[in-house]
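Asks: What follows is each chain in one-letter form.
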Amino acid sequence: MDRETRWYALFAATNLLTLAAFAVVISESYFRQWKTYQAGYGRIVVEKKQQRVVVREIEPGIQQVWNPQLDVMDRCTSCHSGVGEEALADAPQPFTAHPATAHRFDEFGCTVCHRGQGLATTSQAAHGRGRLWEEPMLPGVHAQASCGQCHQGSSVPEAYLLNAGRRLIEKAACVACHEIPGLKKPAMIGPDLTGVGSKVHPYWLYEWLLRPKNFLPNTWMPNPLMSEREAGLLTTYLLSRKEPKLEQLYSAGLPEPTPEQVETGKRLFREARCISCHAVEGRGGTIGPELTRVASKVKPGWLRAWLENPKQYLPRTRMPQFSFPEKEIAAIAAYLQKELLDWSLDADKVAKIEAALPPASEAVLREGEQIYKKYGCGGCHTLQGSEPKGKLAPELAGVGRKDVDRLDFGRTTIPRRLWDWLTLKLKQPRAFGSNLRMPSYELEDPQARLMVTALLSLTGRPIPPRYLPEAPRLPPASIPGPFGRILEKYECLTCHQINGQGGTLAPDLSFAGSQARPEWIAAYFRLPYSLRPILPERMPLLGMSEEEIRTAVDYMQMVLLSDEIPRDIPLDLREPGLIRRGQDLYNQYACRACHQINSAGGYVGPPLDGLNRRLYPAYIYAWLKHPRRWRPETVEPKRNLSDEETAALTAFLYSLPPLKGTPLESLPAPLTALTRVAQQTAAPGGAHAARR
Amino acid sequence: MRLAANRFLLALLLASVGLGPGCRRGQTTVPPAQTKTSQALTYQGSNGQMLYEHYCAVCHGTGGAGDGFNAYNLRPVQPRNFTDAEAMKQLSDQDLFTAISRGGRAMGRSPLMPAWGSTLNERQVRYLVRYLRTLSTQPRS
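Quick mapping for you: the protein sequence lines, in order, are chains A and B.
In this text, residue positions in the first sequence follow our numbering: the first is 36, and each later residue adds one.
In this text, residue positions in the second sequence follow our numbering: the first is 1459, and each later residue adds one.
Wrong hints could be hidden among the right ones.
To be verified - Pulled from the structure, derived: some chain A residues nowhere near chain B, Cβ distances all over 12 Å: (1) N198; (2) K362; (3) D543; (4) Y624; (5) V639; (6) V670; (7) K673.
Stated by the list, open to error - Think about it this way: if two alpha-carbon atoms lie no more than 35 Å apart in a straight line, the pair counts; the simulated DSBU-like pairs of lysine-lysine are: (8) A:K219 / A:K387; (9) A:K219 / B:K1547; (10) A:K206 / A:K384; (11) A:K334 / A:K220; (12) A:K83 / B:K1547; (13) A:K301 / A:K280; (14) A:K84 / B:K1547; (15) A:K409 / A:K219; (16) A:K248 / A:K83.
Derived by calculation from the structure, the hints in this document are not laboratory data.
Glycine included, every Cβ here is placed at the ideal spot set by N, Cα and C.
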């Protein structure tokens, strides 16, 4: 080839290459992935038509959901054409129908919940799984995290996994060290350690620090993962913190418990229902610590003083101050000391451990205090003089959206994704480096997964005002006066709720005055009995004085009322016709599946004999109409009863006599606590019309 | 010489045209269905599980075998056993939906099964039906 031709050839070649490049680029823009999928969808429409199932056809082209307020421009439906078609529930992806959910995706788009890149039109880019998009699509198991961006609190409707995760985070008290938006640090997480040296046995403290779950398998205290040497130093330091004023009392020698005392104590322990809050051998409540081996933990003098007045040692405890006389306290303490021991403890082993603890010299105490600060014990526990200064751990606001490039994966080889990092962090907190200090909760896989879901909801994304859910109600101020003092003394709000404040273990007392008869309430305070046999928790026997009982009952009758439950309902509940109709309805609706009358029936709900001794008829009426209004967690179904049916059932239930020999028999039978309404004042129609 | 160069250039041209369609990204075939036999429950399944354990397990048992705590009291008909795959095959999803939302009476069976239609909304009943199906296909303790 001569020189000229060579230049011409080169020029032609570069032109052709440019043409080729154009051809490639243009064809790439023309032969798009979504067109393939839309063609596939078209085939499915035809297929379904042959099966006589109607599936909507789509307009060809990019489909888009645009919501400017949520900053959403999602093109997911270009490929996922079948999301709205119920008939395609079992179709292969990407044509599968979306499960029915509370929010319509044609209004909310897809990325609000699923994350990913909404503007993209190829699956790789849209799912955001590459390195270039900061918010990749969430895996299905964590999808409920997005609900938590707008919905605060731990009872978000239909976000069961998120709720469970949030509850675990509350239980684990992560707020002790990490600041979490929306969660306030409770007043007391772990017990106050200021006088702990006077309370516990030395070997117990050492073993506890090495691994708390060895002593209490269900404890929520995390394992500080310290070496044996560190544990020894910290034990000595903590043991030096004694309570000088009460030291005398705690170390006082007590007489050896007699067998009669132990028997009495056992009986009292059972009658006072301590296991409602404290589990023994796995059975019982979880509000207080398990007592299976308590005598191996605490000194007997301390135990005795605690039973007498818990608030003397720990002012913010949730344990009520029972009003036992001194002999009974001695008996209960004797029982606990003699029976609830760690039987596997070897006296030699104990002696060896205690001998190995470092003696309390200046240097040892200083080092012990360093260790206390190093592991951040001050996050959960109070210790006068060693309060933590500054932040113990990074705050968790925005952790749900944290950029993967800012996370330290250490030497691990897990996939480089935010949720994988969080999961490993929760399961093995020190996996990413040897100088980390987060303690280990020894979480199981499902628990860690749930907590990661809850953490992923902390994105810190601002919510547009139109989409803000209802503002949370402010908590009410504490109740003043004598009733308030009773609530404080007996810590009623640990289990019960009043006007939104308190626990959910026991019934809501906000409307107790409209619900239950005062004589029954008073009798119940004097001797609580079990209303529902299948529940393990029972109200403890508090030993309240008569004056306290009168104050509480009067307060309930005057203040804790609901305007939706009138005191008297204008209906004659003694009419035999009405009662018979009620009995027919009782059989028709087969209430005996869950309730017992005269020992026949199920025991899911309380037995209904003698209901009139306990409840007001208007409450029974209101309950039958809408049970979950009064008790959100009840299992009783709402039956959509008419007024007439409800009245008949109320009359029937109100007529049931108490069983012979039960406490209800001793309560006064209700008088005609009903008013007959004269004909002329009757409201037209409905069961509230007067009956002659 | 020229002829060879021309043929070479022609070949290049044809090749570049041929590149276009060959550069189609994306799949021409639809990927296979996501099988639902994985151990973890789907969104609907886990919602259904939460509802089941709150409302149903006390009679039907936590494993769905009809041996719940209260089943002892239900005479003469015991609660249905959901782990019996043969029996469950005979019931359509619509049957299950009706039984849950309108009660046993609406199916001509024992009135001891209450009607939950006023307590649970339609979506929740569908979640339950989904979960009940998994009890016969993925047994759990």
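Asks: State for each hint whether it applies.
Replies: A quick look at each hint next to the structure:
1. Here A:N198 does not stay apart from chain B, with its beta-carbon only about 9 Å from theirs, under the 12 Å limit.
2. For A:K362, the non-interface assignment is confirmed: its Cβ lies about 40 Å from the closest Cβ of chain B, beyond the 12 Å cut-off.
3. For A:D543, the non-interface assignment is confirmed: its Cβ lies about 18 Å from the closest Cβ of chain B, beyond the 12 Å cut-off.
4. Under the 12 Å C-beta cut-off, the non-interface status given to A:Y624 relative to chain B is violated; the minimum distance is some 7 Å.
5. Not every Cβ of chain B is farther than 12 Å from the Cβ of A:V639; the closest lies at roughly 5 Å, contradicting the non-interface assignment.
6. With 12 Å as the threshold on Cβ separation, the claim that A:V670 sits away from chain B is violated: the shortest Cβ distance comes to roughly 6 Å.
7. The beta carbon of A:K673 is not kept farther than 12 Å from every beta carbon of chain B, the shortest such distance being approximately 4 Å.
8. In summary, the hint linking A:K219 to A:K387 is not supported, as the alpha carbons are separated by about 43 Å, beyond the 35 Å threshold.
9. Between A:K219 and B:K1547 the alpha-carbon distance is near 51 Å, which puts this suggested pair outside the 35 Å criterion.
10. Taking the CA atoms of A:K206 and A:K384, the gap is near 34 Å; set against the 35 Å cutoff, the hint holds.
11. With a C-alpha separation of about 31 Å, the suggested pair A:K334 and A:K220 falls inside the 35 Å cut-off, and the hint holds.
12. At roughly 24 Å between alpha-carbon atoms, A:K83 and B:K1547 fall within 35 Å of each other, so this suggested pair holds.
13. A threshold of 35 Å between alpha carbons decides the hint, and for A:K301 with A:K280 the separation of about 31 Å falls inside it, so the pair holds.
14. A C-alpha spacing of about 26 Å is found between A:K84 and B:K1547, which places the hinted pair at or below 35 Å, so the restraint holds.
15. Between A:K409 and A:K219, the direct Cα distance comes to roughly 24 Å. Compliance with the 35 Å bound is thereby established for this hinted pair.
16. Proposed proximity of A:K248 and A:K83 is contradicted: the alpha carbons are some 58 Å apart, above 35 Å.
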